[in-house]
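Chemist: Given next are the chains, with one letter for each unit.
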Amino acid sequence: MEQIVPPGGRLAWQEATVTAIAPLTPRVKGFMLKAPVWRGFRAGQHVDVRLTAPDGYQAERSYSIGSAPESPEIELVVERLDEGEVSPFFHEVVEPGDTIEIRGPIGGHFTWGQRDGGPVLLVGGGSGVVPLVSMLRHRAHVAPEVPMTLIYSARTRDEVIFGDELMMRAESEPNLTLILTITREDPVQAPFRMGRIGAELVEEVLEGLGGAPKLSFVCGSTAFVDTATRLLLDMDVPFPSIKTERYGGDPARTGAIGQPGP
Amino acid sequence: MVTRGFFGRRVSDEEAKRLPPGQYLEKGFPVLSAGPTPIVKPENWSFTIKIGPRPVKSWSFEEFGALPQTELKRDIHCVTKWSKFDTEWRGVLFDDLMKAAGLDEPPTPYVLAHSYDDYTTNVPVADLIDGKAMVATHFAGYPITSDHGGPARLLVPHLYFWKSAKWVNGLQFTERDEAGFWELRGYHIYGDPWREQRFAGD
Numbered sequence: 001m002e003q004i005v006p007p008g009g010r011l012a013w014q015e016a017t018v019t020a021i022a023p024l025t026p027r028v029k030g031f032m033l034k035a036p037v038w039r040g041f042r043a044g045q046h047v048d049v050r051l052t053a054p055d056g057y058q059a060e061r062s063y064s065i066g067s068a069p070e071s072p073e074i075e076l077v078v079e080r081l082d083e084g085e086v087s088p089f090f091h092e093v094v095e096p097g098d099t100i101e102i103r104g105p106i107g108g109h110f111t112w113g114q115r116d117g118g119p120v121l122l123v124g125g126g127s128g129v130v131p132l133v134s135m136l137r138h139r140a141h142v143a144p145e146v147p148m149t150l151i152y153s154a155r156t157r158d159e160v161i162f163g164d165e166l167m168m169r170a171e172s173e174p175n176l177t178l179i180l181t182i183t184r185e186d187p188v189q190a191p192f193r194m195g196r197i198g199a200e201l202v203e204e205v206l207e208g209l210g211g212a213p214k215l216s217f218v219c220g221s222t223a224f225v226d227t228a229t230r231l232l233l234d235m236d237v238p239f240p241s242i243k244t245e246r247y248g249g250d251p252a253r254t255g256a257i258g259q260p261g262p
Numbered sequence: 001m002v003t004r005g006f007f008g009r010r011v012s013d014e015e016a017k018r019l020p021p022g023q024y025l026e027k028g029f030p031v032l033s034a035g036p037t038p039i040v041k042p043e044n045w046s047f048t049i050k051i052g053p054r055p056v057k058s059w060s061f062e063e064f065g066a067l068p069q070t071e072l073k074r075d076i077h078c079v080t081k082w083s084k085f086d087t088e089w090r091g092v093l094f095d096d097l098m099k100a101a102g103l104d105e106p107p108t109p110y111v112l113a114h115s116y117d118d119y120t121t122n123v124p125v126a127d128l129i130d131g132k133a134m135v136a137t138h139f140a141g142y143p144i145t146s147d148h149g150g151p152a153r154l155l156v157p158h159l160y161f162w163k164s165a166k167w168v169n170g171l172q173f174t175e176r177d178e179a180g181f182w183e184l185r186g187y188h189i190y191g192d193p194w195r196e197q198r199f200a201g202d
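Those protein sequence lines, which keep their order, are chains A and B. Oh and the first sequence: position 2 is 2 in the numbering used here, straight run, nothing missing. Oh and the second sequence: position 185 is 185 in the numbering used here, straight run, nothing missing.
The set of hints was computed from the structure by calculation and includes no laboratory data. Computed from a predicted structure; not experimentally measured. Mixed in with the good hints, there may be bad ones.
Said to hold, decoys possible - Here are some chain B residues the structure puts well away from chain A; computed CB gaps all over 10 Å: (1) Thr3; (2) Pro55; (3) Ser58; (4) Arg74; (5) Asp75; (6) Glu88; (7) Ala140; (8) Gly186.
Stated by the list, open to error - Straight-line Cα separation of at most 30 Å, DSS-like style, residue types lysine-lysine; simulated pairs: (9) A/Lys214 <-> B/Lys41; (10) B/Lys17 <-> B/Lys50; (11) B/Lys50 <-> A/Lys243; (12) A/Lys243 <-> A/Lys214; (13) B/Lys73 <-> B/Lys17; (14) B/Lys27 <-> B/Lys57; (15) B/Lys99 <-> B/Lys27; (16) B/Lys84 <-> A/Lys243; (17) B/Lys27 <-> B/Lys17; (18) B/Lys99 <-> B/Lys17; (19) B/Lys57 <-> B/Lys84; (20) B/Lys84 <-> B/Lys27; (21) B/Lys99 <-> A/Lys29; (22) B/Lys41 <-> B/Lys73; (23) B/Lys27 <-> A/Lys243; (24) B/Lys41 <-> A/Lys243.
From the three backbone atoms N, C-alpha and C, an ideal C-beta is built for every residue, glycine too.
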């Protein structure tokens, strides 16, 4: 558990500068931000973004951080949703040099750090992989000895975010296992697998981790998270060891990732 | 600060009046929680009122259904930015629970709600009484589904929706305002959407 606001303090809005923008998939871009006052964060946390129109109208959304806490800049990953209000703005309007109001980091539950230990299972669906990538990058810096397995389900190979990096890490980092499964392309070749996450796959992964992991992090759409957590519970992974993050709002409208419940 | 190139999308004036700062209008009903969805069957459900550590009254789901039922239609506001208008709930008002538990006056100024997944959240008694809050068993005319907190969830619609604990199984009167799950993790101790009290210090 982590206090996200210093005692007596307040999580203030600040103007972060966009330093670089990288297309990650046809629908997903990464925005590197430099924040003037940034005390670091725990892998898995997100930030709030606030946009202000000339007449004072404001829109706020939450976006996950993909970068590791070690990175000097914050990488926000934004999926473009055609019906959205904020994500098309990020994709079509924002340029390097622009300033965007943010505050954070936010979220004290869906986080992983060295002292949490492992083994750790990460399960991500679609852009739900973003906070998990932050954890995996952080692990390489602080605790490469911790066994970590990422199961990442994407619709097509084109939609895999950070695919090259993930495959390179899985090749070169001991104790890191990557399972990429593609649900809407047929056939796909190794290292990709085909189909949705099912009981067999989960059983195989748990065997590879030597039993139930100490912690599991599941992030994606509501349906994805419910299916994945049910599979884990059916394999006797203890309920309190599973942390989830479900997309908040109708993803067709917002693209925001919401952390808190209920 | 005006954001270069941002104009945004407006809702009608009437809708805008009902949206607290930083919120947007949602037509669906998103699901958010910190862990897996606990499946609690009504026949295994029970609900307990405690004063401090001392249980004062418990009900089975059947007994709970025999308490006075009230319908509330309210706007709800989630700290993750979505709001939903005119949600319809049915359940037992906090006032009626107190009566049924034999409590004429609130014994303490605060309540900590407890849930089946060990979730907790704190609410001042003043925000529960006078028809402001209920333990709801029905949403839009149907039993609340497990992903939305069924068999029963707390409903405190005028505060951010994390206060409306899902899978609720008890209310505990406390002398002090004891921080619950999210309140211990940096979220605001009270959570008024109209004052945008999302995080501690807001």
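Chemist: Work down the list of hints and note, for each, if the structure agrees.
Modeler: These are the hints, each one checked on the structure:
A beta-carbon of chain A is positioned within 10 Å of the beta-carbon of B/Thr3; the least distance is around 4 Å. The claim that B/Pro55 lies off the interface holds: its Cβ sits roughly 24 Å from the closest Cβ of chain A, which is beyond the 10 Å cut-off. With a cut of 10 Å on Cβ distances, B/Ser58 stays outside the contact zone with chain A, its closest approach being about 23 Å. In this structure B/Arg74 is separated from chain A by more than 10 Å, as the shortest Cβ-Cβ distance comes to about 15 Å.
No Cβ of chain A approaches the Cβ of B/Asp75 within 10 Å, the least distance being about 16 Å, so the stated non-interface status holds. In this structure B/Glu88 is separated from chain A by more than 10 Å, as the shortest Cβ-Cβ distance comes to about 18 Å. The claim that B/Ala140 lies off the interface holds: its Cβ sits roughly 17 Å from the closest Cβ of chain A, which is beyond the 10 Å cut-off. Not every beta carbon of chain A lies more than 10 Å from that of B/Gly186, the smallest distance being close to 3 Å; the non-interface claim is violated.
With a CA separation close to 28 Å, the supplied pair A/Lys214 and B/Lys41 stays within the 30 Å bound. Annotation: proposed proximity of B/Lys17 to B/Lys50 is violated, straight-line Cα distance about 39 Å (limit 30 Å). A hinted pair counts as satisfied when its Cα atoms are at most 30 Å apart, and B/Lys50 with A/Lys243 qualifies at roughly 29 Å. Between A/Lys243 and A/Lys214 the CA atoms are separated by roughly 11 Å; this keeps the pair inside 30 Å, and the hint holds.
Between B/Lys73 and B/Lys17 the CA atoms are separated by roughly 17 Å; this keeps the pair inside 30 Å, and the hint holds. Our distance criterion of 30 Å between C-alpha atoms is broken by B/Lys27 and B/Lys57, whose separation comes to about 38 Å. Between B/Lys99 and B/Lys27 the CA atoms are separated by roughly 36 Å; this puts the pair beyond 30 Å, and the hint is violated. Of the supplied pair hints, the one linking B/Lys84 and A/Lys243 holds, its CA atoms being roughly 26 Å apart against a limit of 30 Å.
For the hint pairing B/Lys27 with B/Lys17, the CA-to-CA distance comes to about 17 Å; that is within 30 Å, so the pair holds. Between B/Lys99 and B/Lys17 the CA atoms are separated by roughly 36 Å; this puts the pair beyond 30 Å, and the hint is violated. Restraint check for B/Lys57 and B/Lys84: the C-alpha separation of about 34 Å exceeds 30 Å, so the hint is violated. Among the hinted pairs, B/Lys84 with B/Lys27 is consistent with the structure: their alpha-carbon atoms are about 6 Å apart, no more than 30 Å.
Proximity of B/Lys99 to A/Lys29 is assessed by CA-CA distance (about 56 Å); at most 30 Å being required, the pair is judged violated. The straight-line distance between the Cα atoms of B/Lys41 and B/Lys73 is roughly 26 Å, inside the 30 Å bound, and the hint therefore holds. The hinted pair formed by B/Lys27 and A/Lys243 meets the criterion: a straight-line CA distance of about 27 Å does not exceed 30 Å. For the hint linking B/Lys41 to A/Lys243, the alpha-carbon distance of about 22 Å falls within 30 Å, and the restraint holds.
Of the numbered hints given earlier, the model fails hints 1, 8, 10, 14, 15, 18, 19 and 21; all others are met.
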